[in-house]
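Note that the protein sequences, when read in sequence, are chains A and B.
Per my numbering: the first sequence = residues -8 to 143.
Per my numbering: the second sequence = residues 14 to 216.
Quick caveat, the hints were computed from the structure, so don't treat them as lab data.
Positions of the beta carbon are idealized from the N, C-alpha and C atoms, including for glycine.
You may find that some hints are simply not true.
What the hints assert, rightly or not - Output of the computed footprint for chain B on chain A, the stretches with three or more beta carbons under 8 Å from beta carbons of chain B:
1. 14 to 23
2. 28 to 37
3. 43 to 54
4. 86 to 93
5. 100 to 113
Here's the letter readout for the chains.
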Amino acid sequence: MNKWGVFWLCLTYALSAQATRVWPLDDQGTRVLDTTLQMEWDSWAPPIGQPDTLSGRTTIFIQINVSAWQGQPVRIFHRCAARQQRPLRIEWQSHGVLHSGSMQDRERRLVYQGRPTSEYLNDIFELRVQADGSRWVRPDQLDCSFELEMDL
Amino acid sequence: MYRFAVLVMWASCMSASAYTINMSAGTRAIYLRVGDGLMNGGYYSNGGNPRSGGAINAVNLNVPAVALGNQVEQTMQGSGRLTSDWDGYAFCNSGQVYIGGFFRTPSNNVQNATLRVTGPTHLLNEQGQTMSLSQIRWTSSGNGDTGAQPIPDGQFVGGTQTLATNFLRNTWRESCLSFHYRNQFIPAAGTYRARVTYTLATP
């Protein structure tokens, strides 16, 4: 490839890199119902030949500030990561404008695609966290956030 | 207008946050069934849960007078349910005593619960005469099992005995014990009784 080829390749990459931008969203209005999510065994006794897992459930009142993007086509993703222990599986059932979904920790899932019509997106998540009983050995924290993606 | 929008977005980014969920370490549990045991809601595999209670089971033997002290072992007859509470499988045979349990803890370390039995040194009859508890021994088996049993063969010696130290966390351990009277002496006439208690202890 000659130098003009390299130039056009770099220019194309630079343009495409700017085509989509991601912003972390303000969800300061979000509230977790339980102070501590209690992890309980999914099976009372050790299962034979099946994964031995712990699960905990809680309710989360979601409030996301999308005032800066009202009327614009956006995609919003939910992302969660445990601070110390993994893997974790996270599932949530929504009751409003956001999508239900599931993912492994450190992944993200689309929960909204469209044009927000108000300053805030509000929803309630019934959230379940599931961990491997042979790896979940101490209390931990799960940090979740929302990020907005928009094509420029 | 574009600059304004960018500024608004930037301001929004500056106030971005995340919600945090505090999660507990997970529960610990321990369970031991000796002979009978009580379940709610069917077997474990169907979502049932064990509950405290059940009969205190007996192991009996009537020794014919002509056989007393002849050194020929007599097989004792246990009582209690013979099925595993996992799925109802007939794990034990008639006359055997089921012993099973587990220890649950969220951990990635090797942690074992310990099974012990505690009893007196002697059986007593109605007149207060004694017979050594060591006259009773047991063998261990389980229908469908191959290899060593979680609870090995043994013999009562009185006091507290450790039967197994390998009740590995989050695994099911079960065996069926057949008790035998060793018949080494001619005891005074009477019905001899003793009670032993099995204990599963977590580290």
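Cross-check of the supplied hints:
1. Counting residues of the stretch 14 to 23 of chain A whose beta carbon lies closer than 8 Å to any beta carbon of chain B gives 9, which reaches the threshold of three, so the coverage claim holds.
2. For the stretch 28 to 37 of chain A, the stated coverage by chain B is satisfied: 9 residues place a CB nearer than 8 Å to a CB of that chain, which reaches the threshold of 3.
3. Given a C-beta distance limit of less than 8 Å, the hint that chain B covers the stretch 43 to 54 of chain A holds, as 5 residues qualify and 3 suffice.
4. By the rule of at least three residues with a Cβ nearer than 8 Å to a Cβ of chain B, the coverage given for the stretch 86 to 93 of chain A is violated, with 0 such residues.
5. Counting residues of the stretch 100 to 113 of chain A whose CB lies closer than 8 Å to any CB of chain B gives 0, which falls below the minimum of 3, so the coverage claim is violated.
The structure fails to meet hints 4 and 5 from the earlier list, while all remaining hints are met.
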